[in-house]
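> Sequence:
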Amino acid sequence: IAVSKLIATQSKNGVDYPNLPLLAYCTHLALGDAWNKVFFGLQCTGRGLAVILTFWSVLWTCVYLFYQVDETAGLFLVPTGLWVTVAAALNWSIYFQNK
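Residues in the sequence shown are numbered from 37 upward in steps of one, following this note's numbering.
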């Protein structure tokens with residue numbers, strides 16, 4: 037993830053790095069940390085599901101925004117997006133099995 041951030045901050049044509057991709061990047065990191073605290077720390081599967089779905093949405097938005105700045109940067113985030121998709125599916129399953 038850090039590599040994709042660094043690649044995305046380097047512009048191809050000398051234009052300053054846009055703020056929106058950086059905001060999405062920081063937001064997805066904060067939501068990932070929040071999900072860990074809610075799901076594992078507080079053991080709230082329902083609230084964890086809400087957080088991880090928001091996290092998932094912001095992460096894939098980040099992938100898109102980074103891809104717009106630099107294709108390689110966006111592609112570096114895809115494995116993280118796939119892993120969060122698996123984690124969201126597991127959270128969904130745990131929530132509905134214990135509802």
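By construction, these hints were calculated from the structure, which means they are not laboratory data.
Just so you know, even glycine gets a beta-carbon here, dropped at the ideal spot from N, CA and C.
Be aware that a few hints might be false.
Stated by the list, open to error - Per label pair, the in silico range of CB-to-CB distance:
{"id": "1", "residue 1": "C62", "residue 2": "A86", "range": "15 to 21 Å"}
{"id": "2", "residue 1": "L56", "residue 2": "I130", "range": "32 to 38 Å"}
{"id": "3", "residue 1": "S129", "residue 2": "T108", "range": "29 to 35 Å"}
> Hints first: check each against the structure and report whether it holds.
Each hint tested on the structure:
1. Under the hint 15 to 21 Å, the C-beta atoms of C62 and A86, about 20 Å apart, fit the expected range.
2. Checked against the hint of 32 to 38 Å, the C-beta distance between L56 and I130 comes to roughly 33 Å, which is consistent with it.
3. A hinted range of 29 to 35 Å for the beta carbons of S129 and T108 is consistent with their spacing of about 33 Å.
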